[in-house]
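K.L.:
Mind the numbering: the sequence shown is residues 1 to 394 in the working numbering, read in order.
Worth flagging that the hints you see were computed from the coordinates, not collected in a lab. Every residue, glycine too, gets a C-beta built ideally from N, C-alpha and C. One or more hints might be untrue.
Think about it this way: if two alpha-carbon atoms lie no more than 25 Å apart in a straight line, the pair counts; the simulated DMTMM-like pairs of lysine to aspartate or glutamate are [stated by the list, open to error]:
1. K94 with E135
2. K159 with E175
3. K389 with D323
4. K178 with E193
5. K220 with E327
6. K94 with E294
7. K178 with E217
8. K178 with E135
9. K178 with D168
10. K159 with D176
11. K94 with E217
12. K337 with D384
Here are the computed distance ranges between Cβ atoms for each label pair [claimed, not checked]:
13. K181 with D390: 48 to 56 Å
14. F382 with D144: 23 to 31 Å
15. G296 with E175: 38 to 46 Å
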Amino acid sequence: MAATAASGLQMATARPCISSSHRVVKAGAAILGASSKGASWAKLASGSHISSIQPFQRTFMSSSVKLNKAVTKAMSESSDSKPVSGLPIDLRGKRAFIAGVADDNGYGWAIAKSLAASGAEILVGTWVPALNIFETSLRRGKFDESRVLPDGSLMDITKVYPLDAVFDNPEDVPEDVKANKRYAGSSKWTVQEVAESVKQDFGSIDILVHSLANGPEVSKPLLETSRKGYLAAISASSYSYVSLLKHFLPIMNPGGSSISLTYIASERIIPGYGGGMSSAKAALESDTRVLAFEAGRKNRIRVNTISAGPLRSRAAKAIGFIDTMIEYSLANAPLQKELSADEVGNAAAFLASPLASAVTGTVMYVDNGLNTMGVGVDSPIFKDLDIPKDDHQG
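The task is simple: from the sequences and hints, build the whole structure.
P.N.:
Below you can see the structure in the form of structure tokens.
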């Protein structure tokens, strides 16, 4: 089963769900910009405050933070010169490969934008059957609105590679897939071949992002999931990350970062998220810890995963209960706002940056704190309790 991009419930890439009003904050030589249309990005103010987002807007476009390297000037240079406040996320000179970008409506796209806004060069791997539509849309400008960076420029994707992360090398590809018309016209799309192509084209990368997941029987309860469906979910959603890191590690520059996307179903029961997908996410998180040790010792590569909350997307809607999960989060999470994919993108930019140089083997929760809750406070059981509510919801 071919791997597709990870969703709002980690099944396919999810769309950045918030827009950003245009403002530029200058502090000495540091410039922090945010693009327009809706809510605003908060400035990067300190090492402990990377970014914040205003309440969710139902009508949206994506945006992300771009930061130029801060230069602190001596106070004595002029009466206007002041030390720069904050720590910039500066990824200039870095190259990122994001596996799992098939449109402008997902986590992979949001992460690519945040990395690009921080100065990184962007390469993407797109599922082969979706490649033609993605490249055509990109070429015809259909994604231009979503490509706008904080400085007003458009995110540049240096190269798009066909990729099916279910297959490690050409020998693994069955004849029926080779003959499938959706793969016609594409070549060198197995994990090994893509890594070799990137090496030939660019020599090395610094950041590897895995935004891939697929569970063909995700709508089935685990007790009704077939062995084939279960193993397909594991293959596309967790082993694909092992394979990607295995093949890309030799061309990753020491000190680099690798990031994947997971979901709270790995450790909590989420009815409706079936087909072995919860098992696949649990495996992904376990693998993250082991890979952090192995890749860290072998090449000083940091390996982390982001556990993102439910996010509205076309792919997530196909699962059938994404709206319910979002409503549940709004009612029960410590932060009563809808999650934006840009917030996930910002977290990825932090993990990829030198600011996270000692962070590896971790699960970073970007879910408005929902993972911390032990009960659903919207239950009728708690109706007589004086439970505080956010009066500032947009």
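K.L.:
Give a verdict on every hint.
P.N.:
Results of checking the hints against the structure:
no. : hint                       : verdict
1   : K94 with E135              : 23 Å, holds
2   : K159 with E175             : 28 Å, violated
3   : K389 with D323             : 20 Å, holds
4   : K178 with E193             : 15 Å, holds
5   : K220 with E327             : 22 Å, holds
6   : K94 with E294              : 22 Å, holds
7   : K178 with E217             : 23 Å, holds
8   : K178 with E135             : 21 Å, holds
9   : K178 with D168             : 14 Å, holds
10  : K159 with D176             : 28 Å, violated
11  : K94 with E217              : 38 Å, violated
12  : K337 with D384             : 23 Å, holds
13  : K181 with D390: 48 to 56 Å : 51 Å, holds
14  : F382 with D144: 23 to 31 Å : 47 Å, violated
15  : G296 with E175: 38 to 46 Å : 39 Å, holds
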